[in-house]
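Next come the chains, spelled out residue by residue.
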Amino acid sequence: MKIAKILFTTLAMVLVASIAFASEGAGDPVMAAKAYATAIGMGIAAGLCGIGQGMGLKGACEGIARNPEAGGQLTTTLILGLAFIESLAIYGLVVCLILLFVV
Amino acid sequence: MTRKAVETINRPVERLLAKSGFVHPEVRLIIRNQIYVSLGASLAIVLVTLFSQWSLAFAAGALLALINFWAMARIVQSLIYVRKGAPFLLFAIFMGKMTLSGLALYWLIGVHRVPIWGLVAGLGTVVANIAVTGLVQMGHKKA
Chain A
1 MKIAKILFTT LAMVLVASIA FASEGAGDPV MAAKAYATAI GMGIAAGLCG IGQGMGLKGA
61 CEGIARNPEA GGQLTTTLIL GLAFIESLAI YGLVVCLILL FVV
Chain Z
1001 MTRKAVETIN RPVERLLAKS GFVHPEVRLI IRNQIYVSLG ASLAIVLVTL FSQWSLAFAA
1061 GALLALINFW AMARIVQSLI YVRKGAPFLL FAIFMGKMTL SGLALYWLIG VHRVPIWGLV
1121 AGLGTVVANI AVTGLVQMGH KKA
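The listed protein sequences correspond, in order, to chains A and Z.
Quick note on our numbering: the first sequence kicks off at 1 and runs consecutively.
Quick note on our numbering: the second sequence kicks off at 1001 and runs consecutively.
Just so you know, these hints were derived from the structure itself, not from any lab.
One or more of the hints may lead you astray.
The calculated DSS-like cross-link candidates involving lysine-lysine, where the alpha carbons are at most 30 angstroms apart (straight line), are [stated by the list, open to error]:
(1) A:Lys-58 with Z:Lys-1019
(2) Z:Lys-1019 with Z:Lys-1004
(3) Z:Lys-1004 with A:Lys-58
(4) Z:Lys-1141 with A:Lys-34
(5) Z:Lys-1019 with Z:Lys-1097
(6) A:Lys-5 with A:Lys-34
(7) Z:Lys-1004 with Z:Lys-1141
(8) A:Lys-2 with A:Lys-34
(9) Z:Lys-1141 with A:Lys-58
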């Protein structure tokens, strides 16, 4: 909880600082905030999807090691699960690109 | 009659998939379905809307999703069935796939400014295919 509080406070300071610095010079503060939002959003999406895929792969490998005959069925289920998770990561990338270039 | 026509279409696709390294029949079935969904839906929408921007965005999204799904299934197959030289192959395919997907999406959204909903709908063909395949599998298990 304490770590999360420190993390969010640091994040807020960094974001506010970028806008404050941008207002003095040539940069666009909205664009700077968008860049931060995109980077943070994609980082969170990729990280969580990576954790999900890793957990799924770990479970499948353990299952196949314990029961090699079930390998075929497990592979199919694993591919379905990984494709679902990967779709989420791709959607995350699309949303981030929309945020950066379209909105 | 219809079954025969479907089998005639399925045979070359199955042969191509088997040659591409998809050793497991169930995995081949999923990939085959994805090919039919992606290419069939793209072709139908492009023809019905007479090559509109939206339909081309849908086709691009569907193609991108198909390539991603193909590469991912190939990686998982290599990981589980092929042991020798698998790590390097997996790494190469994975990095190539990620780089190409990222660049393609950047080009489509950032440079070319395609209609977003068309692109998202095209990317959603994978989710639709997986959901249907999962439900069918569940139905087979219960029966």
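Going down the list of hints, with the structure as the test:
no. : hint                       : verdict
1   : A:Lys-58 with Z:Lys-1019   : 28 angstroms, holds
2   : Z:Lys-1019 with Z:Lys-1004 : 23 angstroms, holds
3   : Z:Lys-1004 with A:Lys-58   : 41 angstroms, violated
4   : Z:Lys-1141 with A:Lys-34   : 47 angstroms, violated
5   : Z:Lys-1019 with Z:Lys-1097 : 20 angstroms, holds
6   : A:Lys-5 with A:Lys-34      : 23 angstroms, holds
7   : Z:Lys-1004 with Z:Lys-1141 : 26 angstroms, holds
8   : A:Lys-2 with A:Lys-34      : 27 angstroms, holds
9   : Z:Lys-1141 with A:Lys-58   : 24 angstroms, holds
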